[in-house]
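Hey, can you piece these two chains together into the complex? The hints should help.
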Amino acid sequence: MMEDQEEKGNAENGIGRQKQVKDEYLLQFLDSLDGYLTLLDSLSSTLSQGWLELASARHAMGASRINGALLDLKVHAAATSLKVSEQDVDSMESQPCFTLCKWASSDNGERSSGEEKSLSPQLRHRNNSQLSEEKVSTRTGTPLILVDQQQRQKSLSVFGVLVSPKLRSAQLSFERALETLVEIANLHTTMLSMFEQVHKELENTNG
Amino acid sequence: MANRPQIRTAASALIAMIADEYASSVSRTMQQPYMFDHLLMQVHCWDTVVGFLLAGVGNVDLRRKTNYLIVDSKTTIKQIEDAFKEFTSREDIAIVLISQYVANRIRFLVDSHNKPIPAILEIPSKDHPYDPAQDSVLSRVKNLVSVESVASDRR
Chain A
1 MMEDQEEKGN
11 AENGIGRQKQ
21 VKDEYLLQFL
31 DSLDGYLTLL
41 DSLSSTLSQG
51 WLELASARHA
61 MGASRINGAL
71 LDLKVHAAAT
81 SLKVSEQDVD
91 SMESQPCFTL
101 CKWASSDNGE
111 RSSGEEKSLS
121 PQLRHRNNSQ
131 LSEEKVSTRT
141 GTPLILVDQQ
151 QRQKSLSVFG
161 VLVSPKLRSA
171 QLSFERALET
181 LVEIANLHTT
191 MLSMFEQVHK
201 ELENTNG
Chain B
1 MANRPQIRTA
11 ASALIAMIAD
21 EYASSVSRTM
31 QQPYMFDHLL
41 MQVHCWDTVV
51 GFLLAGVGNV
61 DLRRKTNYLI
71 VDSKTTIKQI
81 EDAFKEFTSR
91 EDIAIVLISQ
101 YVANRIRFLV
111 DSHNKPIPAI
121 LEIPSKDHPY
131 DPAQDSVLSR
141 VKNLVSVESV
151 ASDRR
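Chains A and B are the protein sequences, given in the same order.
Numbering (the numbering used here) for the first sequence: 1 to 207.
Numbering (the numbering used here) for the second sequence: 1 to 155.
One chain only, chain B, in its complex shape (with noise of 0.2 angstroms):
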């Protein structure tokens, strides 16, 4: 018992997310959209977080620090990892949410995570459908299970 790793227990965490706005030039390019365009282009925009904004998740503190970062195309890598690491170090975060796009951006930071809190979770942004064999978690059990069949080949 006295060996056991310590959970950080919380009444009151919140979720942090990372989330990509449309980056192609096709949105940035259209000037004079026609009514239809317009429409498709404005799907993509940013809806991810301001769709989870709209269920309560958004958080401002005093410093008027938010618990999300939406990634445009000026978003430098540094900058995503400079919120990745921030909102992992934070203790008030539970869980960090970030597109799976955004995530294969910063894959070394996002795979070296493995604290139990905060849970990283890949998301799918509307672009960039969920691609199980990209995620942190399940690339390391693919990982795992090749080796272990190589291994019990040669044996």
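Isolated chain A, as found in the complex (with noise of 0.2 angstroms):
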């Protein structure tokens, strides 16, 4: 009687462990929601000051000084690139972690490391500052936060060589919508294997 008593509370104990994981991936899941639908949206504004800007800067530079005919189809790499890793979840699934690394220059003969922004859900680096003041120089001297102002201005250098503010400032609500963008796409990834698990427990228990 008293093994019956024990194994009753061995069973009870394991449905109420399976309860708690249930409960921790549905929460893990209704968060990464959250912040998903959070970034969306501060995403929309960032991309509405952008287009406002863009719009302001072509009526002050003229329709003809932009527009698309200026785009560069020479061949050139993209200087705003990601870095993609793989990141454990648990011992039987991994998920892709993103990482921007803005305005790597492969102008000094070598890449330099440009600006990386670890943008996980987990390591929410949002300081510029304190990144800046981390840089380290290139090979050549050359201080990384001078290499992603020429950069910068290389990209704006397509629109001509005097342009409007409104355009510099065009450029830089964008790269705050590439960061945004960044980190949602690091949340999509975790909302998926989080809908995943969820998915499964739920079969689990209806099966």
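Some hints could be false.
Said to hold, decoys possible - Covered by chain B, per the in silico footprint, the following chain A stretches (three or more residues, Cβ under 8 angstroms): (1) 49–62; (2) 78–85; (3) 94–103; (4) 178–188.
For the record, the hints were derived by calculation from the structure and aren't laboratory data.
Everything numeric in this text was worked out from a predicted model, so none of it was measured.
The beta-carbon is built from N, C-alpha and C at its ideal position, and this holds for glycine as well.
As structure tokens, then:
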């Protein structure tokens, strides 16, 4: 009888632990969903600001100076790219983690690291000034901050040498939008992963 | 550990874009716009792609292939589908940004993409704000929740 009671207790503990795990997955899923929607809202605002600044720049500089005909179709590599690494979720699963590498320069004969921002949900490094202070010079001795400015200027130069300040502001707005998008991408993969877990748990419960 | 799905890692991957131009007939028929109207027209012209190109994501490879597609009134569904298939099959692209308005035109293809890389992100465009109800991932979640609630009611 004692053994029966012990077995019953163990079974109840097991069910309790299972329920705890299910609740944990559900909570993580709901958290990531909430974060996803919040960031999308933030992205919409940032993009709206960027569009308005671009329109103001076009108004100031003239439509002929800001139009699609000027888009650079010469062979060139993207100055802003992504680093994709693997992040362990548990022993059976891993998910990609995106890191934005802004204005990585290949002009100095070597690839400098540019401004790397790891924007995974767990590491919300948003302190730009801290990142700038920690930057190291490239081998040629040019500070990375200057390299970033040179790359930004190169991107703007498609529209002429003298550009409206609004165009520069638009560039910064779209850079911010890119950072938000990378955060969204990381939350997107987390959300999908948690969604699969919850789905699996629900199927196990029903099956 | 042996059965873990492989994640394609990359030291330097690209962001691809499929965005829509303002396709309304208003911008096509206004031949002599007043100053204010001209500004309004221009606000809507493929600013999303231009903006992100300013941020440095533009890439043109040796075959003169770009990592973006601007969808206008002349772009066919087949062209959009081909671009989407190309961007999602390229090894060097990690994220595909697609206007939700364009995504709705190839919804079946977008919904059938289930690989973690590239991540498909639906973004708003100027004349078509983001609608969570149409998002590929969120509508999947909504379906699951509604199926489960019906199943639990029956039980």
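How the hints compare with the structure:
For the region 49–62 of chain A, the stated coverage by chain B is satisfied: 7 residues place a CB nearer than 8 angstroms to a CB of that chain, which reaches the threshold of 3. Figure legend: the region 78–85 of chain A, annotated as covered by chain B; annotation consistent (8 residues with Cβ-Cβ distances under 8 angstroms, at least 3 required). Residues of the region 94–103 of chain A with a Cβ under 8 angstroms from some Cβ of chain B number 7, which satisfies the need for three, so the listed coverage holds. Taking a C-beta to C-beta cut-off of 8 angstroms, the region 178–188 of chain A contributes 6 residues in contact with chain B, enough for the three needed, and the coverage statement holds.
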